[in-house]
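J.: Please build the complete structure, drawing on both the sequences and the hints.
Protein chains: 2
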Amino acid sequence: MEKIIAGIITIGDELLIGQVIDTNSAWMAQELNKNGIWVGHRLAVGDVREDIWQALDIEFRRASIILITGGLGPTADDITKPLLCDYFGGKMVVSQEALDNVKKIFERLQRPMIARNLQQAEVPDNCTVIPNHRGTAPGMWFEKEGRIFVSMPGVPHEMKGMMTDSVIPTLKKFFKLPFIAHRTLLTAGIGESFLADHIAAFEEALPPSIKLAYLPNYGMVRLRLTIHGEDPVALEALLQQQFDTLKGLVSEWMATDEDISLQEAIGRMLKTRGKTLGTAESCTGGHIAHLITTIPGSSDYYKGSVVSYDNEVKKKVLHVSPETLTTNGAVSEPTVEEMAKGALDLLDTDFVIATSGIMGPGGGSPEKPVGTVWVAVGNHQKIITQKFAFRFDRQRNIELAATNALNLLRKFIPSVD
Amino acid sequence: MEKIIAGIITIGDELLIGQVIDTNSAWMAQELNKNGIWVGHRLAVGDVREDIWQALDIEFRRASIILITGGLGPTADDITKPLLCDYFGGKMVVSQEALDNVKKIFERLQRPMIARNLQQAEVPDNCTVIPNHRGTAPGMWFEKEGRIFVSMPGVPHEMKGMMTDSVIPTLKKFFKLPFIAHRTLLTAGIGESFLADHIAAFEEALPPSIKLAYLPNYGMVRLRLTIHGEDPVALEALLQQQFDTLKGLVSEWMATDEDISLQEAIGRMLKTRGKTLGTAESCTGGHIAHLITTIPGSSDYYKGSVVSYDNEVKKKVLHVSPETLTTNGAVSEPTVEEMAKGALDLLDTDFVIATSGIMGPGGGSPEKPVGTVWVAVGNHQKIITQKFAFRFDRQRNIELAATNALNLLRKFIPSVD
Numbered sequence: 154m155e156k157i158i159a160g161i162i163t164i165g166d167e168l169l170i171g172q173v174i175d176t177n178s179a180w181m182a183q184e185l186n187k188n189g190i191w192v193g194h195r196l197a198v199g200d201v202r203e204d205i206w207q208a209l210d211i212e213f214r215r216a217s218i219i220l221i222t223g224g225l226g227p228t229a230d231d232i233t234k235p236l237l238c239d240y241f242g243g244k245m246v247v248s249q250e251a252l253d254n255v256k257k258i259f260e261r262l263q264r265p266m267i268a269r270n271l272q273q274a275e276v277p278d279n280c281t282v283i284p285n286h287r288g289t290a291p292g293m294w295f296e297k298e299g300r301i302f303v304s305m306p307g308v309p310h311e312m313k314g315m316m317t318d319s320v321i322p323t324l325k326k327f328f329k330l331p332f333i334a335h336r337t338l339l340t341a342g343i344g345e346s347f348l349a350d351h352i353a354a355f356e357e358a359l360p361p362s363i364k365l366a367y368l369p370n371y372g373m374v375r376l377r378l379t380i381h382g383e384d385p386v387a388l389e390a391l392l393q394q395q396f397d398t399l400k401g402l403v404s405e406w407m408a409t410d411e412d413i414s415l416q417e418a419i420g421r422m423l424k425t426r427g428k429t430l431g432t433a434e435s436c437t438g439g440h441i442a443h444l445i446t447t448i449p450g451s452s453d454y455y456k457g458s459v460v461s462y463d464n465e466v467k468k469k470v471l472h473v474s475p476e477t478l479t480t481n482g483a484v485s486e487p488t489v490e491e492m493a494k495g496a497l498d499l500l501d502t503d504f505v506i507a508t509s510g511i512m513g514p515g516g517g518s519p520e521k522p523v524g525t526v527w528v529a530v531g532n533h534q535k536i537i538t539q540k541f542a543f544r545f546d547r548q549r550n551i552e553l554a555a556t557n558a559l560n561l562l563r564k565f566i567p568s569v570d
Numbered sequence: 154m155e156k157i158i159a160g161i162i163t164i165g166d167e168l169l170i171g172q173v174i175d176t177n178s179a180w181m182a183q184e185l186n187k188n189g190i191w192v193g194h195r196l197a198v199g200d201v202r203e204d205i206w207q208a209l210d211i212e213f214r215r216a217s218i219i220l221i222t223g224g225l226g227p228t229a230d231d232i233t234k235p236l237l238c239d240y241f242g243g244k245m246v247v248s249q250e251a252l253d254n255v256k257k258i259f260e261r262l263q264r265p266m267i268a269r270n271l272q273q274a275e276v277p278d279n280c281t282v283i284p285n286h287r288g289t290a291p292g293m294w295f296e297k298e299g300r301i302f303v304s305m306p307g308v309p310h311e312m313k314g315m316m317t318d319s320v321i322p323t324l325k326k327f328f329k330l331p332f333i334a335h336r337t338l339l340t341a342g343i344g345e346s347f348l349a350d351h352i353a354a355f356e357e358a359l360p361p362s363i364k365l366a367y368l369p370n371y372g373m374v375r376l377r378l379t380i381h382g383e384d385p386v387a388l389e390a391l392l393q394q395q396f397d398t399l400k401g402l403v404s405e406w407m408a409t410d411e412d413i414s415l416q417e418a419i420g421r422m423l424k425t426r427g428k429t430l431g432t433a434e435s436c437t438g439g440h441i442a443h444l445i446t447t448i449p450g451s452s453d454y455y456k457g458s459v460v461s462y463d464n465e466v467k468k469k470v471l472h473v474s475p476e477t478l479t480t481n482g483a484v485s486e487p488t489v490e491e492m493a494k495g496a497l498d499l500l501d502t503d504f505v506i507a508t509s510g511i512m513g514p515g516g517g518s519p520e521k522p523v524g525t526v527w528v529a530v531g532n533h534q535k536i537i538t539q540k541f542a543f544r545f546d547r548q549r550n551i552e553l554a555a556t557n558a559l560n561l562l563r564k565f566i567p568s569v570d
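In order, the protein sequences belong to chains A and B. For the first sequence, my numbering gives the first residue as 154, with consecutive numbering after it. For the second sequence, my numbering gives the first residue as 154, with consecutive numbering after it.
It is worth saying that the hints were derived from the structure and are not from the lab. There may be inaccurate statements among the hints.
All copies of an identical chain are treated as equivalent in the list; a pair is satisfied when it fits inside any one copy or across any two copies.
As the list claims (entries may be wrong) - For lysine-lysine, the following DSS-like pairs were computed, each having C-alpha atoms within a straight-line distance of at most 25 Å: (1) Lys256 x Lys521; (2) Lys535 x Lys494; (3) Lys468 x Lys494; (4) Lys494 x Lys469.
T.: Here you go:
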């Protein structure tokens, strides 16, 4: 079966001066992928007629499906629509459907319409209008020599509505799409090259229909197997078999066998066991609490944190003894142990994470350089500690300290079952 | 003066299946822009030899500077380096400088090196090695017919280090770049379109050498004036004059007249006054503490936070009365007031921020829908509150609640001087 290749073109100066981060492309790629369409390339261009025209030409030559976002709003810098009209050799007409939509939206908002808004109902006569249920700019579907060009607004929730309601279902009718499936697992505590060495034989022996990808991030490495072809049942079975082999090979470092984050994996472990968690953070300054609480439903198992940035807070709230702090310093094994115990009692939870370290750029010393972090995790019966030495900037040291602390807890929880 | 055009090529399958969002491109575009280099287009391609080659060809024809990220890690799916070697007609050799760097990193980590790591020191003999102080993959600088091609790893902090330490300074020597200067101010509490209406006359009357950009982010809008041309002294004077006018126009909403974050502005306000801050966070789950502690030196004024995610923690640690919680619920004005008072006493600080809300997707009700947030800020003499209604997803609601809470404090501090 022929692989169906898509190209994504995003239009807008804001993408080229770094004003906005393009999140649309990743979302669109995910949706296309799920449906067996392979995104071959992405292009971003500014609000410049020749650049947009060239981008269309480039994708025309190499893709069967070209998704275009941006350049359709009501303001003056939008030149995409007339350009598409010219590119496909049509002329602008008023779409009654699009006009009714614009009127309906302004009625609902109880706002007066201006000429600029009415113009949004004008479309090239050689496109099929894609209804926009979430905004005033209509989408446009063009066909040219067997290629599909779809133009959508850049506003993420408008684009997503159109993709889900219209574009994907229509593409599925238009093309005979292959079956595609992924399996992802997350490892922690092993570097990318060691992991690659460890599974080199497995990788080499993979059937040609399966591709392995390494996706490193914050001291963790995600491994992804992808299969595509024609027979869903056979492919799923083959993929699962290879995934099971991979899981066995990396079990020592596997944080989760799903495409989820460490904090989500910990959340599931706690929920399954009916246990609760609290944290006592010094150097991570609330970042662990933040990561945990980004997960919907985390209030079921996460009770809270004492961010004891100041030593007075460590003493007064967490009852770390003044002697411990004087003798060992705030960044020390005895201090994180006492922080952990203090938090377990104060927050009344089953498990705890405590951190104390020097994140930089200042505050380091020869004995305790910037990047030195002590972590404690445990429960009421047992507390374990680990010392880390990070060597990055403040932001990344904080992120790594948080991730490694979460990973230490991830290993601790099943060890005390 | 000729406009210097750059193109950005990002390499990696992970960008085409939507597994990661490309944040590198936006950062690189910002850095290039600051230095008078215009990003004309961006291309993303997978780990496919022909596609990378074609991307290089496309940018060769239309850009003077081509920045490439990704595809340089130690694992097998990386094909970029040999391809670049072929593209520029070189052969692979071991770079002593890159080898020393790899060895140094492994010594510091006290980990054994494997063959795969040593391979990272191999580079095409027709490139100049760009040192990587933050990782093992060297950067590579190629020149071809007056164009500069720079290849960097995709790991954001490694790429950023190379850009700042080597690439930008070298580009500034290589090209005659125009003089470019920016002035940025941050507004909070006013929407982009209202702001645009308010300063429409100012914008229209701007001299042609000055460009105004609206940079909205998390409920705040950054306004940036950019000037470019040849005479630094005259341009600086003109820019400052216009910036002063703009500051006068938006003074009501101006959080800071520098290109710094809200938390940094608050840090400066506290430091100047010799005052301290503590926080009590429920719905923001530690995110405010995290934002504050990302600022180096924040331990001078920030004492800590009680993340009272669970109501028991609100009662036990912050002494919110059980009656208040029963009568009004956790998401209420009386609760955030009591949280603020409790945190002021417990953490013994001059100022406080407290938050309580429903971030979604679950937990909403007709009276308190998802996105309802109560914020309190104050000192020992006075506490003020404000209710917010956000309407986004969990992640963005958390970010908006944190930003708006910080902004409330930013306005409160000078009001009690």
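J.: With reference to the structure, classify each hint as holding or not holding.
T.: Outcome of the hint check:
1. Taking the shortest alpha-carbon separations for Lys256 and Lys521, only the inter-copy value of 23 Å comes in at or below 25 Å, while the best intra-copy value is 58 Å.
2. Within a single copy, Lys535 and Lys494 get their C-alpha atoms as close as 10 Å, which meets the 25 Å cut-off; across copies the closest is 35 Å, which misses it.
3. Within a single copy, Lys468 and Lys494 get their C-alpha atoms as close as 12 Å, and across copies as close as 20 Å, so both meet the 25 Å cut-off.
4. In this assembly of identical chains, the alpha carbons of Lys494 and Lys469 lie at most 25 Å apart whether taken from the same copy (14 Å) or from different copies (17 Å).
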